[in-house]
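> The residues making up each chain are set out below.
Number of protein chains: 2
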Amino acid sequence: MQDYGLTEIGRKARKASRILNTAGCLLKNKVLVQAALALEENQEHLMEANAKDVAAAEAAGMKHSLIDRLKLTPERIKGISEGLRQIASLEDPVGEVLSMKKRPNGLMIGQKRVPIGVVGIIYESRPNVTADAFGLCFKAGNAVILKGGSDALASNQAIVKVIGQVLEANGLPASCVQLVASADREAARQMMRLNQYIDVLIPRGGAGLIRSVVENSTVPVIETGTGNCHIYVDESADFAMALDIIENAKTQRTGVCNACESLVVHSVVAEKFLPLLAKRLSPKQVELRGDSRAAGAERSVLSASEEDWGTEYLDLILSIKTVDSLEEAISHINRYNTGHSECIVTENYANAQKFLDEVDAAAVYVNASTRFTDGFEFGFGAEIGISTQKLHARGPMGLEALTSTKYIIYGNGQVRP
Amino acid sequence: MQDYGLTEIGRKARKASRILNTAGCLLKNKVLVQAALALEENQEHLMEANAKDVAAAEAAGMKHSLIDRLKLTPERIKGISEGLRQIASLEDPVGEVLSMKKRPNGLMIGQKRVPIGVVGIIYESRPNVTADAFGLCFKAGNAVILKGGSDALASNQAIVKVIGQVLEANGLPASCVQLVASADREAARQMMRLNQYIDVLIPRGGAGLIRSVVENSTVPVIETGTGNCHIYVDESADFAMALDIIENAKTQRTGVCNACESLVVHSVVAEKFLPLLAKRLSPKQVELRGDSRAAGAERSVLSASEEDWGTEYLDLILSIKTVDSLEEAISHINRYNTGHSECIVTENYANAQKFLDEVDAAAVYVNASTRFTDGFEFGFGAEIGISTQKLHARGPMGLEALTSTKYIIYGNGQVRP
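Listed in order, the protein sequences are those of chains A and B.
When you number the first sequence by full-length UniProt numbering, it's gap-free, plus one each residue, and the end is 417.
When you number the second sequence by full-length UniProt numbering, it's gap-free, plus one each residue, and the end is 417.
Next up, chain A with everything else stripped away, as it sits in the complex (with noise of 0.2 Å):
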């Protein structure tokens, strides 16, 4: 088996954790200022690096929208930099006690906020996140090991040295952030079984990547992305407002997780709504697909198959399902959502109450569009990511997300009986 040196990165990232453990806050948020001057300092350097990584993609015929993402302007290094700032000014997480009791035997037992100890992230070709993820890692005093799509790897590799060497200007290891250079699939599958070095494990990316991820590796994984969210039209439903947050959620930004796939409608109005919403999405090109009724109802409709109830298009194309109550509206919705958001809108209170207590999602929404699914909406601050799982944390992860706990006890000499 071919050594990706990922031995020695674990093991100088645990290194670097313990350092960073006890960093404090003022220390932390230097570097993250210094790191963004840099950055920007280094704007010529920067995109001579991606410059190659472009060449290289064009050569390759890397498609047309895949090199737009992979591109670093001054504008765009310019708000990498601001990124970093933003994440400075952001409130230190570690160290708070979250409790504090004093149980009968006179023990005091708190919970205290500490960092995971080493992150590692799997990404895809936006050099954007290598800062983005190195500086919400590192506030929240976490070591990180970053792999990247090969596609940027110069331009992260560029990134990554001019970070370590503000680090080490500071007096800190270079290895708080590090990059895995190769580009092997291999490489890739050691990192996820380095259970001893790295703590969690984060993919950003598309569906994918994020499978390969959670089926090979051994290191517990936060799921974060696919959304194939759903907005429900309830009998009750003020039509000027689904049809404002159907148009919001579904064309305000197509390619992202939190944008709306499908259309849920009650049949008792879907003979007067989809007509109505047909003509509100056509200007914006929308194609709908739906079942037999939505297609009675509006002629514009195509017929839907199976496959298009699970299906994230990430395109401009909506779903529409029709249904004769809210609990075929939950059981459909349950059945083919993938945990990230989901809307209803109705006038009713109950079936509002119902709604939010039976659609299993990270996020459930009365009224609004799905498109606040964002830690920036949410008022974290920063996002590393929004989870679909259940366990650490669920929905958009700011930098608590990049926490754990430990239990400190202070005692006077207690023993159990």
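Rather than coming from a laboratory, the hints here were simulated on the basis of the structure.
We put the beta carbon where it would ideally sit given N, CA and C, even for glycine.
Every clue listed holds true.
Here are the computed lysine-lysine pairs in the PhoX-like style, where the Cα-Cα straight-line distance is at most 20 Å: (1) B:Lys112 / A:Lys354; (2) A:Lys112 / A:Lys101; (3) B:Lys15 / B:Lys161; (4) A:Lys354 / B:Lys15; (5) B:Lys161 / B:Lys30; (6) B:Lys354 / A:Lys15; (7) B:Lys161 / B:Lys78; (8) A:Lys161 / A:Lys78; (9) A:Lys12 / A:Lys161; (10) B:Lys354 / A:Lys112; (11) B:Lys63 / B:Lys52; (12) A:Lys161 / A:Lys52.
Computed Cβ-Cβ distance ranges for the label pairs, DEER-style: (13) A:Glu8 / B:Gln196: 29 to 39 Å; (14) B:Arg335 / A:Leu26: 25 to 35 Å; (15) B:Leu26 / A:Ser89: 46 to 56 Å; (16) B:Pro275 / A:Val97: 37 to 47 Å; (17) B:Asp3 / A:Gln43: 57 to 67 Å; (18) A:Leu316 / B:Gln196: 26 to 36 Å; (19) A:Glu8 / B:Glu8: 42 to 52 Å; (20) A:Glu327 / B:Gln196: 17 to 27 Å; (21) A:Ala59 / B:Gly208: 49 to 59 Å; (22) A:Ser89 / B:Ala350: 28 to 38 Å; (23) A:Lys15 / B:Ala169: 51 to 61 Å.
Place chain B on chain A using the hints.
Frame of chain A; chain B shown alone:
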């Protein structure tokens, strides 16, 4: 590949979990109390089933101590029932809204505690775990799939059958608790890959079982159990207190994960302290294995090998490492511990704080026995296990560890600009 019916079990569990998701606290408590009574009323029947398991185990030549763990007696059945009644008396964690904030755009965003959904438990021979794990999962609103040791199969089936009848008598599906009947390893492996139906897998048992689940499961796992726990006797330790704490942590119960396995002692006090310790532990027949300085200080100390530092003896053996500083103690502990429970005995304020800050474990103690790491001792009223990982739950896990959260968002037509 043989079909062990796991997909069907998973499907039923998911369906039951949808129903349990909205089951009220009064109904859940009623079921728990009735199940407790039903187990007592079926005492003869349970003991008959158990006798088959015991006879088979004896015929197979199982160790006496393991057969003892397997046995059901009237007292043990009473204990199991009392456990269920106690769970009924605990506060229901489900439904609590942990926080709710209004965003500038008027959205009310709250975080609500909800059941996890379907919990899988893989455990070894004790039939009491069957009722206990059901009780905790059920109270937290989860369906549970149990895979107990093959040695206890008849006992477990009898217990699950009694509980299933109580569930059905109360209008709930018996599939709120299901037992995987096959003892085949392949059945366990299939259970570990049932991501579609199982939200979390909790192994309860020895290090081998836990390692196998961590290695093979694609379902998220909460790692529990193994404890290579240290007590560090600092330069300034009160010797009498240190002796009490070490004796308690080492000998009060030896086969448990929160027992002390290793003593770390400051070289300045080793010569005085170790003879006192040897004298104190000699009536309990504790074997001492130490480094050369420890052996030099107390002649009954045998020679320890590198392997000893990493060993969870679960036996009347204590390893002894001599260090020249608090830093060396912390670094030794962080290198060899399993992240369970660690203690410093000291009268020095700064050293106590440093130890609490820098030792990486679920529970870090000053001047108290590590034996307190336990859900009951921590005041949770119950325990499903002790997590030694950093995600989701760390340390003793009570009912809250068996819940997740979801964001509930109240809007009035908000769309994202």
